[in-house]
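Once you have looked at the hints, place chains B and C on chain A.
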Amino acid sequence: MPDDVKSADIKEFKYVGKRNPRPDGVDKVTGRAKYGADLLLPGMLYGRVLRSPHAHAKIISIDASEALKLAGVKAVVTRDDFKDLPKAQPPFGPMIHDAADVTRNIIAREKALYDGHAVAAVAATSEAIAKKALKLIKVEYEVLPHVIDPVDAMKDDAPILHEDQFTVGVEPKPSKPSNVFRVMKAEKGDVEKGFAEADIIIDREFKTAAVHQGYIEPHACVANASEDGSAELWCSTQGQFNFRAVCATVLGMPVGKLKVTSSEIGGGFGGKLPVYGEPLAIRLSQKAHRPVKMVMTRDEVFRSTGPTSGSHVRIKIGAKNDGRIVAAEGVLTYQAGAFKGAGLAAAIGCMFSEYDLENIRIVGYDVCVNRPKVAAYRAPGVPMAAFGVEGVINEIATKLSIDPVDIRLKNAAKQGTVNVSGIKYGPIGFIQMLEAVKAHPHYNAPLGKNQGRGFAAGYWMHAGGMSCATLNVQDDGTVNLLEGNPDIGGSRASMAAMVAEELGIPYDKVRVTIADTASLGFTLFTAGSRVTYATGMAVVEAARNAIKVCCDRAAAAWGVTPDQVKWEEGHAKPASANVGDFAPMSLSELAKKAPMMGGPIAGHAEINATGQGPAIGAHLVDVETDPETGFVKLLRYTVFQDVGCAISPDYVEGQMQGGAVQGLGWALNEEYVYNAKGQLQNAGFLDYRMPVASDVPMIDTVMIEEPNPNHPYGVRGVGETPIVPPQAAVINAVENSVGLRLSELPMSPPKLLKAIEDGRLKKAAE
Amino acid sequence: MSRHHVTTTINGDNVEFLCDTEQSLLDCIRNELHMTGTKEGCGTGDCGACSIMLDGRLVCSCLALGVEAEGKEIMTIEGMAQGDELHPLQENFIKFAALQCGICTPGVLIAARALLEKNPDPTETEVRFWLAGNLCRCTGYDKIIRAVMATAAQLRATA
Amino acid sequence: MDDIRYETPTSVNAAVKLLAGAQGVAKVLNGGTDLLVQMRADVVTPTLLVDIKKIADMKVIKKEKGGWRIGASVSGAEMGEHPELSKMWPGVVEATELIGSTQVQGRATMAGNLCNASPGADSVPAMIAAGALAAIAGPNGKREIPVEQIPVSPGKTSLAKGEFVTSIYLPKRPKKSGDAYLRFIPRTEMDIAVVGCGISLTLDKSKTVIAARVALGAVAPTALLLEDAAQTIIGTKLEDAALDALAAACSAACRPIDDKRGTKEFRIKIAGVLARRVALIARDRALKN
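Chains as they are written, first to last, in the working numbering: chain A, 1 to 766; chain B, 1 to 159; chain C, 1 to 289.
A hint or two may mislead.
Simulated pairs of lysine to aspartate or glutamate, DMTMM-like, Cα-Cα distance not exceeding 20 Å [unchecked claim]:
1. C:Lys142 - C:Glu227
2. B:Lys95 - A:Glu757
3. A:Lys633 - B:Glu126
4. A:Lys131 - B:Glu32
5. A:Lys762 - C:Glu265
6. B:Lys95 - A:Asp508
7. C:Lys53 - B:Glu91
8. A:Lys131 - A:Glu66
9. A:Lys83 - A:Asp101
10. A:Lys138 - C:Asp42
11. A:Lys135 - C:Asp42
12. A:Lys132 - C:Asp57
13. A:Lys751 - C:Asp258
14. C:Lys264 - A:Glu757
15. A:Lys18 - B:Glu91
16. C:Lys260 - A:Asp687
17. C:Lys53 - B:Asp55
18. A:Lys633 - B:Glu124
19. A:Lys677 - C:Asp258
20. C:Lys59 - B:Asp55
21. A:Lys131 - C:Glu64
22. B:Lys72 - C:Asp57
23. C:Lys54 - B:Glu70
24. A:Lys677 - A:Asp157
25. B:Lys72 - C:Glu265
26. A:Lys754 - C:Asp259
27. C:Lys54 - B:Glu73
28. A:Lys754 - C:Glu265
29. C:Lys264 - A:Glu628
30. A:Lys593 - A:Glu628
31. C:Lys53 - B:Glu73
32. C:Lys59 - B:Glu70
Rather than coming from a laboratory, the hints here were simulated on the basis of the structure.
This is chain A alone, in the form it adopts within the complex (with noise of 0.2 Å):
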């Protein structure tokens, strides 16, 4: 395998870049780590909820009587057991959370407004118990009419989901409610100027499915309510902080009386943000009494947590002869679900931004619809958009005759470019990644009939935002470390790598704890991949902190200044020679003093990271079309990724090789299929298709490190970006297997082989 590529700039160090074994891995091989669904408490109920099988309905009446009077069934909550919560106001925040959407989201009001929709909870002493209760629910619906699509949803004479719904970003401001909660809109330079400039221009519609995170792990929690007021929830979440914000909030809580707990987290991608079943089972814990677990279904997942949005999208490209791009355009059509909020921020900000460009005009709209409210997934809103951008791109360099690469290197960003959103950049790697794509065996090895290679680029801003860490270090010298992101695909190890980097202590001598809300200060969620980047940087903070103690009790035992105390291979040792000769004092030396020498060593850190950096990443890969069914076969995969500095090349490369296969899913099979009464017809793993282990080669991976300034170790988030160009990179190899353009996901076998059928009619008809 070619080897990765390493800038100058990074140092080697003993565990930092180095493949060590995650702390909670033995857990997690012997069944003994603790899941959502995991804990089981003393007494405790189960809950279940009763779900609309209406697309859009009014809710005239629920009649819970005859499941109260049920033996076993504790509590029924609804509409009554929540308050209405005033709506905000925008400008939003880049993840909305207007409590007025939330509160109906996780239990239905006036309306219920997709398929899945919860409309009232049971608490029992089975499941079976629960199950057999919600039958005895009556509710009476008013069916209304429904929509699904976004660009009927638009139409004048589309059903409308929320009557107090007036699209923002447009003047004069509507006096009619819309489906449209939003147009966003982005420019930079002079687009009219651009296209006439420019020797061809491409303009293409392109549409997606809306695919879901396909999260192993079902929602699940526990909760416990208590006569005080207090409360704890133990869940599978991305966040338990933001959790808690925003339980306490939908429940009229204060933060501080409701503890939530942060379990082993079974994937969420984005997923697991946002509450479902949460405030339901806190409130059938506080009006029963009784622990409450609520486990999601996996048909409950499927119909009633975030898909991502399902897309329209318009790219419109022109270059010059020799391949620059001379202006850009988008319009972007996203499904936001019931309510408002699809991923258009980031999409505008990234779509183009792998690109040096000086034109570029991006119009957004954010579309309500009879469907699960979306949830981010991976690079939320991004991969849509880049399918078009890069499908248009690589239609001019196929028409110009240009390498799909070398179109890229005359346009790439580099160190000094300012994207659509006006952020200049720093050192970033794109250059040097397209590089090095060309240099791979991947990229000139030979290929069969029916075969062909297709190359994407894609584009993510890593998240930074708030985060606490605390670490304590015992009296034998072992460390603890407590951070607050739940660890979905190795963080642990990552952290303790920094720590006992920064410390110059064993690995095994760190043990990293997840944190309750009530043990650690406000931790931002994990995602956007900001974890190992502004969670990192906390915790080398902290471990900076905790060394400075270590040097100011090492000063005051040699009657020196802590300025003439170093940190060195894990021992306070004198600055240099001049300042006397004292034997170096080790971490457990010190920590067994702790007593004598000033009490407990700790070292904290409360941030709000900012400088995080672009990550770019190119896929290339190659499949085999069987022009007889449309069945696509993938042959070959390799993930280029700008990643800045690995702190754990295992995970890193897990990152990208389990985005890119999501972003095989996403191409070829994976999608929402709606009946015509608004019902989903695959609500489960067998209809629904993600990639199994068969369908997928092995996935390359080669590391590009360019170190970003703004991080101690040079760290750039790496987890979203291999889920923008499988997409399109995918497509591309499609097309060149069969000769024909294509613009539609997912390319499944029937769409596939028509678009084949049809091709052969046209050229025979020529």
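Quick look at chains B and C alone, frame taken from chain A:
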């Protein structure tokens, strides 16, 4: 009607539990016996997270009834390590970073162990098709396949 | 609670008695890989489950009159592990082994696949092509009928109250015979057939097809036995023209629906494509024995 009294063997231990007819074996293992290492991802046999060995045969425990376990031998993830010794597959899953979130891992390990007992020298394709019923959404399967292949080679070398 | 009675009879007669005497919905519990999913989804709400796996012979594969009798509870994995059966009826075995995952194979049975009466059942077109017979026990004694007479519509069988399938019989075959089954799915595994095709054929010394049975799954409410399609290849050496005719006959026989798994148009087209491919595999196998 009263609940069924089931006597069975799990990881070599004799155990008894009570269950209703409709309770799946998975439900009984998790909620009656409180052994939560075996996971539920779908309840319909489509994800493999609940894989166990039932009388020496790899099955989804969500697709068997608890009452069917009467007199049978069950092996779950909790029985895979022997004392302090992890099974070589467990060792290699950590070494090769073959897990991210880890929810599919118990099922994958049980399935992979069954494969290597039947076929000590599987090809990559054979491993992929054998494990096709074990969904993993995190890893893209690459490191799982590498870990299984490496374990097979290691076991052949020490056999 | 509405209790479900669970019984484990040890004889066929006892099972028949339980099934025939049941009030409410009685179901045979065999591999359970369909039944448990249906119970969980409330598609089926039985009041009695008769687990037939403790009945002698249900788990047995035995030679009979030159063919093979496969007990109703023999799992796909057990069939695949039987070298002689796999050699004589590779198409039937491979079709059964396509049902679900390795895990599902540990429990799923051919008899269950047949009685679940799904139009997309993988083993059924292969069994039909093989001329398989289903042995049925019931209140009026035992009978044996061609497997294609069991499913009558999606989820419904021709079995009378109290009846259940006790075994499947795969007949003896002449020399130079071969069978094969292919299905189309959008992934490589874990899907329900969008189209399935089973073909069994016999050649003479000149490699001419002298007997053939062609069956399709997932293109109509039940699996289809296509005598017209078989006629297109009987008397041929599977030249291109014969294969074209076979494909056309198979496509013409389809009466599919549009659903989440595929379109009508796609199924019709794929039926022909698969038939060509299956015929050639069956021919190659026939040439080898």
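Do the hints match the structure? See the list:
{"no.": "1", "hint": "C:Lys142 - C:Glu227", "result": "28 Å, violated"}
{"no.": "2", "hint": "B:Lys95 - A:Glu757", "result": "48 Å, violated"}
{"no.": "3", "hint": "A:Lys633 - B:Glu126", "result": "17 Å, holds"}
{"no.": "4", "hint": "A:Lys131 - B:Glu32", "result": "18 Å, holds"}
{"no.": "5", "hint": "A:Lys762 - C:Glu265", "result": "19 Å, holds"}
{"no.": "6", "hint": "B:Lys95 - A:Asp508", "result": "15 Å, holds"}
{"no.": "7", "hint": "C:Lys53 - B:Glu91", "result": "38 Å, violated"}
{"no.": "8", "hint": "A:Lys131 - A:Glu66", "result": "13 Å, holds"}
{"no.": "9", "hint": "A:Lys83 - A:Asp101", "result": "12 Å, holds"}
{"no.": "10", "hint": "A:Lys138 - C:Asp42", "result": "18 Å, holds"}
{"no.": "11", "hint": "A:Lys135 - C:Asp42", "result": "11 Å, holds"}
{"no.": "12", "hint": "A:Lys132 - C:Asp57", "result": "38 Å, violated"}
{"no.": "13", "hint": "A:Lys751 - C:Asp258", "result": "13 Å, holds"}
{"no.": "14", "hint": "C:Lys264 - A:Glu757", "result": "15 Å, holds"}
{"no.": "15", "hint": "A:Lys18 - B:Glu91", "result": "18 Å, holds"}
{"no.": "16", "hint": "C:Lys260 - A:Asp687", "result": "8 Å, holds"}
{"no.": "17", "hint": "C:Lys53 - B:Asp55", "result": "14 Å, holds"}
{"no.": "18", "hint": "A:Lys633 - B:Glu124", "result": "16 Å, holds"}
{"no.": "19", "hint": "A:Lys677 - C:Asp258", "result": "16 Å, holds"}
{"no.": "20", "hint": "C:Lys59 - B:Asp55", "result": "14 Å, holds"}
{"no.": "21", "hint": "A:Lys131 - C:Glu64", "result": "48 Å, violated"}
{"no.": "22", "hint": "B:Lys72 - C:Asp57", "result": "19 Å, holds"}
{"no.": "23", "hint": "C:Lys54 - B:Glu70", "result": "11 Å, holds"}
{"no.": "24", "hint": "A:Lys677 - A:Asp157", "result": "18 Å, holds"}
{"no.": "25", "hint": "B:Lys72 - C:Glu265", "result": "48 Å, violated"}
{"no.": "26", "hint": "A:Lys754 - C:Asp259", "result": "16 Å, holds"}
{"no.": "27", "hint": "C:Lys54 - B:Glu73", "result": "16 Å, holds"}
{"no.": "28", "hint": "A:Lys754 - C:Glu265", "result": "9 Å, holds"}
{"no.": "29", "hint": "C:Lys264 - A:Glu628", "result": "16 Å, holds"}
{"no.": "30", "hint": "A:Lys593 - A:Glu628", "result": "77 Å, violated"}
{"no.": "31", "hint": "C:Lys53 - B:Glu73", "result": "16 Å, holds"}
{"no.": "32", "hint": "C:Lys59 - B:Glu70", "result": "17 Å, holds"}
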